[in-house]
Amino acid sequence: MIEGANKIQVFEPHSSSLPPLRPYFKDFWRRREFATELSKFSDKAEYLESKLGKVWLVLNPLFLAVIYFLLVTIIQGGRGQGGGFTTLAHILIGLFTFYFAQNTILLGASSITSGGSLILNQAFPRALLPLSSAISAARQFFPTIPIYILIVVGGKLFLDDSTLPGLSANYLLLPILFVLLVITSFGLSLLFATMNVYFRDTTKLLSYIMRIWLYASPVLWQPDMLNGWYRVILYLNPLGPILSANSRIWMACCQPPPNLLAVYFGHSFHFY
Amino acid sequence: MPSASKVSLPDNLAIRIEDLSISYKINVESKKTLKNAIMRASKGERVRTRTVEAVKNLNLDIPHGSVVGIVGANGAGKSTLMRSIAGILPPTTGQITVNGRISTLLALGVGFNKALSGRDNIILGGLAAGMSKAEIESQTDSIAQFADLPEGFIDMPVRTYSNGMYSRVAFAVAVNMTPDILLLDEALSAGDAAFKEKSFNRMRELCEEARTILIVSHALSSINELCDHAIWMHKGKMLASGKPEDITEQYLKFLNVGELPSSYEDL
Numbered sequence: 398m399i400e401g402a403n404k405i406q407v408f409e410p411h412s413s414s415l416p417p418l419r420p421y422f423k424d425f426w427r428r429r430e431f432a433t434e435l436s437k438f439s440d441k442a443e444y445l446e447s448k449l450g451k452v453w454l455v456l457n458p459l460f461l462a463v464i465y466f467l468l469v470t471i472i473q474g475g476r477g478q479g480g481g482f483t484t485l486a487h488i489l490i491g492l493f494t495f496y497f498a499q500n501t502i503l504l505g506a507s508s509i510t511s512g513g514s515l516i517l518n519q520a521f522p523r524a525l526l527p528l529s530s531a532i533s534a535a536r537q538f539f540p541t542i543p544i545y546i547l548i549v550v551g552g553k554l555f556l557d558d559s560t561l562p563g564l565s566a567n568y569l570l571l572p573i574l575f576v577l578l579v580i581t582s583f584g585l586s587l588l589f590a591t592m593n594v595y596f597r598d599t600t601k602l603l604s605y606i607m608r609i610w611l612y613a614s615p616v617l618w619q620p621d622m623l624n625g626w627y628r629v630i631l632y633l634n635p636l637g638p639i640l641s642a643n644s645r646i647w648m649a650c651c652q653p654p655p656n657l658l659a660v661y662f663g664h665s666f667h668f669y
Numbered sequence: 003m004p005s006a007s008k009v010s011l012p013d014n015l016a017i018r019i020e021d022l023s024i025s026y027k028i029n030v031e032s033k034k035t036l037k038n039a040i041m042r043a044s045k046g047e048r049v050r051t052r053t054v055e056a057v058k059n060l061n062l063d064i065p066h067g068s069v070v071g072i073v074g075a076n077g078a079g080k081s082t083l084m085r086s087i088a089g090i091l092p093p094t095t096g097q098i099t100v101n102g103r104i105s106t107l108l109a110l111g112v113g114f115n116k117a118l119s120g121r122d123n124i125i126l127g128g129l130a131a132g133m134s135k136a137e138i139e140s141q142t143d144s145i146a147q148f149a150d151l152p153e154g155f156i157d158m159p160v161r162t163y164s165n166g167m168y169s170r171v172a173f174a175v176a177v178n179m180t181p182d183i184l185l186l187d188e189a190l191s192a193g194d195a196a197f198k199e200k201s202f203n204r205m206r207e208l209c210e211e212a213r214t215i216l217i218v219s220h221a222l223s224s225i226n227e228l229c230d231h232a233i234w235m236h237k238g239k240m241l242a243s244g245k246p247e248d249i250t251e252q253y254l255k256f257l258n259v260g261e262l263p264s265s266y267e268d269l
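From first to last, the protein sequence lines are chains A and B. The first sequence begins at 398 in the numbering used here and counts up by one. The second sequence begins at 3 in the numbering used here and counts up by one.
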């Protein structure tokens, strides 16, 4: 309803697909609080009726990780690394990170079409709706990290698993990786949100794409399992390098190889 | 989005519309799906669209403090014009210059989430309207008071509200944000007779504070009562502009429905 902080506003013809970018980004930044609060209120509404409330934010990916762990263990005939605990830790961190990207993309893709009345009756930068979805996805992602740390610490204490890492300065790379992941996921969500405006079955197709994407990402398998040309899957996958780098830091405290990071920087800015 | 052009506007004007035309394309295909797009591409066909010219060559100056009523039959372009003034739809040609903060009530409960309480929705509605959280929180109580809901309802989920109660909250949010320019589209029928009186009084207060109000309504008696100027739109063009009584009379003659009391209520 109330538009623009400036007193005089001029509305001139522009392509409906691409508004003037400078005022758009200015307004986008000015109205960022709307995206944050919309995300908070949407989450509040979603879990209002649920007994466990926001605990589901952690339980959902946790249960899925356990299911995938059982699946992988059965397929491998019980020959998991480090007595299986390392595999569980790899799946957990991979799945938690992948689900952040998936939620950002899936929620963001439908955010414009599901915001029908808001879009028709309010003037605001439309990209705030996918941004709000990305914030919701981040609010679901962050509580999973302490859970992961608790599980790993528990594993180190009770299973005496020497393959699990201790403290390292390489953990400082994680926020950088997360920023790159946000850029990639938000960029992809804008792309799919636009596609969904023109082709309303995009979100349906996207749910299958995301499932294939999960299997093609180093979540249920470790990057070292790929040999030769199969490694191309890792580099072509927009989320492949980050999931691989993320796993290397969390699992082995290793710095990701520079070529992996270079590919990932490329993907991030390309998709944004 | 508002452009950063350096355009001056005479001090007495709130809105200047220059040579405004708005047209948009409607996809005539039954379903906009990827499957249909692929099928169409395989046959070498293009997307079938129809262009709707909603507003044609409109020129209008609206001074500060005026209350302008817009009348016209369905499809006249009234709502499209309001959306364009609010900056939602870009002009196809021409230019709109607006001097002041705009508050709109183009549909009831925009941005509302029915699972949340009335109080939460006031905040959500205000944020959707462009206010900051601090701004809207400082006014939540007065907005809730204006909506005048039965005891305790303001903290209950909006899905438990009647249509009238829902409309009252939405209306209260729009008129209590101290806008310079208020755009109302068919929002005058919110609530019961007592609330209507309260809404009219609030709008009179806004007029006295030199706020500018644009009202789209089929309730011609409200247009006559509230407005000091009216325009009649038909098929995207402005057919007449003048005193509300003259315009509504011309409009009634055009509609050929006579001057019965009911004619002034909802056309």
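One or more of the hints may lead you astray.
[As the list claims (entries may be wrong)] Residues from chain A that keep clear of chain B, each with C-beta distances beyond 10 angstroms, as calculated:
1) Val407
2) Glu430
3) Leu435
[To be verified] In silico EDC-like pairs for lysine to aspartate or glutamate, Cα to Cα no more than 16 angstroms straight-line:
4) Lys37/B <-> Asp440/A
5) Lys27/B <-> Asp63/B
6) Lys239/B <-> Glu227/B
7) Lys58/B <-> Glu20/B
8) Lys198/B <-> Asp230/B
9) Lys116/B <-> Asp182/B
10) Lys33/B <-> Glu443/A
11) Lys34/B <-> Glu443/A
12) Lys116/B <-> Asp440/A
13) Lys135/B <-> Asp598/A
14) Lys239/B <-> Glu20/B
15) Lys404/A <-> Asp143/B
16) Lys116/B <-> Glu443/A
17) Lys404/A <-> Glu55/B
18) Lys441/A <-> Asp13/B
19) Lys423/A <-> Asp440/A
None of these hints come from the bench; they were simulated from the model. Beta carbons: idealized from backbone N, C-alpha and C, even for Gly.
Item to check | Violating hint indices (sorted, rising) | outcome: 1, 2, 3, 4, 5, 6, 8, 9, 10, 11, 13, 15, 17, 18 and 19
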